[in-house]
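2 protein chains.
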Amino acid sequence: MRTYEEYRAMVEKELIPVLSTCGRIPDRLREAMEYSLKAGGKRLRPVLLLAACEAAGGRAEEAMPFACALEMIHTYSLIHDDLPAMDNDDLRRGKPTSHKVFGEAMAILAGDGLLNAATEVMASAALKMGDMRGIRALETVMRHAGVTGMIAGQTMDVTMEGETPREDLVSYIHAHKTADLLEAPMEAGLILGGAGKDAVDAGRRYGYHLGLAFQMTDDLLDVTGSAEMMGKNPGMDQNKMTWVALKGTDATERDAIEQVKCAKQALTELPWNIGFFSDLADSIVDRKQ
Amino acid sequence: MRTYEEYRAMVEKELIPVLSTCGRIPDRLREAMEYSLKAGGKRLRPVLLLAACEAAGGRAEEAMPFACALEMIHTYSLIHDDLPAMDNDDLRRGKPTSHKVFGEAMAILAGDGLLNAATEVMASAALKMGDMRGIRALETVMRHAGVTGMIAGQTMDVTMEGETPREDLVSYIHAHKTADLLEAPMEAGLILGGAGKDAVDAGRRYGYHLGLAFQMTDDLLDVTGSAEMMGKNPGMDQNKMTWVALKGTDATERDAIEQVKCAKQALTELPWNIGFFSDLADSIVDRKQ
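So the protein sequences, as listed, match chains A and B. Counted the way our numbering counts, the first sequence spans residues 2 to 290. Counted the way our numbering counts, the second sequence spans residues 2 to 290.
Since the hints were derived computationally from the structure, they do not count as laboratory data. Incorrect hints may have been included.
As the list claims (entries may be wrong) - With a straight-line cut-off of 16 Å between C-alpha atoms, the simulated EDC-like cross-links for lysine to aspartate or glutamate are:
1. Lys14/B to Glu35/B
2. Lys129/A to Asp132/B
3. Lys43/A to Asp287/A
4. Lys241/A to Asp90/A
5. Lys129/B to Asp90/A
6. Lys39/A to Glu55/A
For clarity, every value in this text was computed on a predicted model and none was experimentally measured.
Turn these sequences into a full structure, and let the hints steer you where they fit.
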């Protein structure tokens, strides 16, 4: 196992070069895709995938295309989410959003392109592996990203905007909009590392609780943070189904800590050294961005 | 081998039920996805995939998820292409476009959802097959749909709008925007049917020339057809890089017939009964919608 920063540096190094798996992408499209990929962020999802793979005894190099694919999926979802017809955000990670720089049409296409490229990169890696782990990991990632996963969460987030927050809806939205993309790297990473069914399931539950803790902290930062600290405009979630709107800041803080406990509880079912994941869970609620 | 109408009926029957592979999709999202899937069309791409699979000795039932996935990808591309920021079309296949019925946000999400669901359906089928044909077919489809395939063509179509047509650009746009999604079913269908490398390549070339013939006919219909006949507004391509804008109607008609000849030439390299594909190529240039 390596440190978070080591995994992150590995991802940063491969994220752009891996696009060449796809072949010769038209300049303007490639520019738009790379602009958003390079905009940074914590690289939490790909780091989790690499760490999960290595924890289970697998090789990070083999998992890298899947890790990068997951970051591409996360990035596409942000590009589309920021569009005027969706959240209409001008600022993301301290930089102008994709449609502000490239126009709406290119932002739509760059998002489509990143989602499609993610599957190209994974499918190509799966073919090279020659066994069924690759296709299982691809299936897992796409299911969590898909119409019962992240896109389902986005849909409810958009259609319920302005309604009175209800616990079942807030839970559904964040279980899918956020937690699904943290379950995916745990499941896929463990599958690629050769872990058994029970470990994969425990890993998924860790990702789920980590995701809820992450989202609760995000909701808190939206009301307490500044644009400078967060790299995006705070207060954008006013009409949204957030934990803070539902319960207030104190209860949301308590719930986030409770979710971290649940995440750590799931870790105890894993037969390996779980210090990396345990520390990560703690850091989630302490973050400032 | 069956008739075109038989394959088409098989596709119509499975296209909606296959979505249940993905699980419980939120109602509004599922409605928007189904609305566009049900809007009809010729189902040319899935029919080609099933026919190619059976021509090579494979089973249409096994190829069905891939056929439906390809139609989902085609459908998502139409939804996003019709958006106000892209071609801004109100009418598609005789019905209001997705964003006119569901709003822009849902149209973006329904498009994302269909692209993602296509990979979910293929990955799930590939897992069940248990050999490498499924993942090879998935890789093939996503490559043709992707950032060096259909999305590349869309990008050039959007970025070159209003420029003076040039033969290299018109060729690039239509080779990717249109032909790639006809190469995909030939390649994937033949792979699923167990065909060898040479046959798969000949099938791909058939799809390529069929695609160019199809697009040339489409460009002709845009200047000669009516909304009633075509189910969409004609004359929408005025600022586009079309064959007619480049060469005029007479030369475009001649070129389309030449492309059909090339398509049939590629067929002669296939060791099976190719009457189905040969007849289909002829019908492409004779169509009225």
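So, going through the hints one by one against the coordinates:
1. Lys14/B to Glu35/B: With a Cα-Cα distance of about 13 Å, the restraint between Lys14/B and Glu35/B holds, given a limit of 16 Å.
2. Lys129/A to Asp132/B: holds (13 Å)
3. Lys43/A to Asp287/A: Given pair Lys43/A, Asp287/A holds - Cα atoms ~14 Å apart, limit 16 Å.
4. Lys241/A to Asp90/A: Measuring from Cα to Cα gives roughly 14 Å; hence the hint holds.
5. Lys129/B to Asp90/A: Violated. Lys129/B to Asp90/A sits at ~42 Å, over the 16 Å cutoff.
6. Lys39/A to Glu55/A: violated (25 Å)
Checked against the numbered hints above, the structure violates hints 5 and 6; every other hint is satisfied.
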